[in-house]
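Asks: Please put together the full structure from these sequences, using the hints given.
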Amino acid sequence: MNTPIGRLFAVVILLFALLVLFTSRWTVFEASSLNNNALNVRTLLDELKIKRGQILAADGTVLAKSVPAPGGTWSRTYPTGSLFSQPVGFSIAAKGEASGLEESAGPDLRGVQTGLSSIFGQLSPRPVGDDVYTTLDSKGQRAAVQALAGMHGSVVALDPSTGAVKVMYANPGYNDNNPPNNSSATDTTFNRVTQGAYAPGSTFKIVTATAAIDSGMYTPDS
Numbered sequence: 210m211n212t213p214i215g216r217l218f219a220v221v222i223l224l225f226a227l228l229v230l231f232t233s234r235w236t237v238f239e240a241s242s243l244n245n246n247a248l249n250v251r252t253l254l255d256e257l258k259i260k261r262g263q264i265l266a267a268d269g270t271v272l273a274k275s276v277p278a279p280g281g282t283w284s285r286t287y288p289t290g291s292l293f294s295q296p297v298g299f300s301i302a303a304k305g306e307a308s309g310l311e312e313s314a315g316p317d318l319r320g321v322q323t324g325l326s327s328i329f330g331q332l333s334p335r336p337v338g339d340d341v342y343t344t345l346d347s348k349g350q351r352a353a354v355q356a357l358a359g360m361h362g363s364v365v366a367l368d369p370s371t372g373a374v375k376v377m378y379a380n381p382g383y384n385d386n387n388p389p390n391n392s393s394a395t396d397t398t399f400n401r402v403t404q405g406a407y408a409p410g411s412t413f414k415i416v417t418a419t420a421a422i423d424s425g426m427y428t429p430d431s
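Each number in this note's numbering comes from the position in the sequence shown (counting from 1) with 209 added on.
Rather than coming from a laboratory, the hints here were simulated on the basis of the structure.
C-beta atoms are modelled at their ideal positions from N, C-alpha and C, and glycine is treated no differently.
Treat the hints loosely; a few may be bogus.
[Stated by the list, open to error] Below 25 Å or equal to it, Euclidean Cα-Cα: the simulated BS3-like pairs (lysine-lysine) are:
1. K348 - K274
2. K274 - K304
3. K258 - K304
4. K348 - K375
[Unchecked claim] Derived CB-CB ranges, DEER-like:
5. Q355 - P288: 18 to 24 Å
6. G290 - S233: 21 to 27 Å
7. V229 - G281: 30 to 36 Å
8. N386 - V229: 46 to 52 Å
9. V402 - P429: 29 to 35 Å
10. S411 - G359: 20 to 26 Å
11. G359 - V402: 16 to 22 Å
12. A352 - P288: 15 to 21 Å
13. N390 - D255: 21 to 27 Å
14. P429 - A352: 29 to 35 Å
15. K258 - D423: 56 to 62 Å
16. G280 - Y407: 42 to 48 Å
Replies: See the structure below:
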């Protein structure tokens, strides 16, 4: 190989290497930041074509599901309305907005794949999300709604043996099918159970009384 051809070959190889390097930047190294960029509407458009999984209560009641929408897209609907608004939350893919389980369990509901699964998953026609099964109890939730009728407050009930959340309700609430546009401390989307910073009040006396009895210095009759 003569010198001019060798130099030309080296330049071509260098340019090809630079091309691979710059394309890898956006497809590999900067892929996460690109997908999370608020100006990148492609992510939102892609998510509209994903059939998100269902969210179900402990008894099998469907709390959230996807229904067909125009243009081969999907939209979210909530059969129980405002009953589970705080724990379930809402998802508006077209706006990139979500809250509650719709946000925290979003990767599962969207069927996000990692590792080799993410590579072979590209061969499937359209992604389908996984269902999310909760420990929420429909009967207990309705009892909380009735107990707080006409009052501001919150109710949470846990299974003492497992810590499973059985009831989570705050009033005022909102309808998941028509969520408010903003979120603040006075807004109905504010989850008083998980976001409210309230003094424990008399409920903490149970803890202090138990500690006093365990110390051996006091008895239940003290």
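Asks: Could you run down the list of hints and mark each one as holding or not?
Replies: Comparing the hints with the structure gives:
no.	hint	in the structure
1	K348 - K274	holds, 20 Å
2	K274 - K304	holds, 18 Å
3	K258 - K304	holds, 14 Å
4	K348 - K375	holds, 10 Å
5	Q355 - P288: 18 to 24 Å	holds, 19 Å
6	G290 - S233: 21 to 27 Å	violated, 48 Å
7	V229 - G281: 30 to 36 Å	holds, 34 Å
8	N386 - V229: 46 to 52 Å	holds, 48 Å
9	V402 - P429: 29 to 35 Å	holds, 31 Å
10	S411 - G359: 20 to 26 Å	holds, 23 Å
11	G359 - V402: 16 to 22 Å	holds, 19 Å
12	A352 - P288: 15 to 21 Å	holds, 19 Å
13	N390 - D255: 21 to 27 Å	holds, 24 Å
14	P429 - A352: 29 to 35 Å	holds, 30 Å
15	K258 - D423: 56 to 62 Å	holds, 58 Å
16	G280 - Y407: 42 to 48 Å	holds, 45 Å
Taken one by one, the earlier hints fail for this structure only at number 6.
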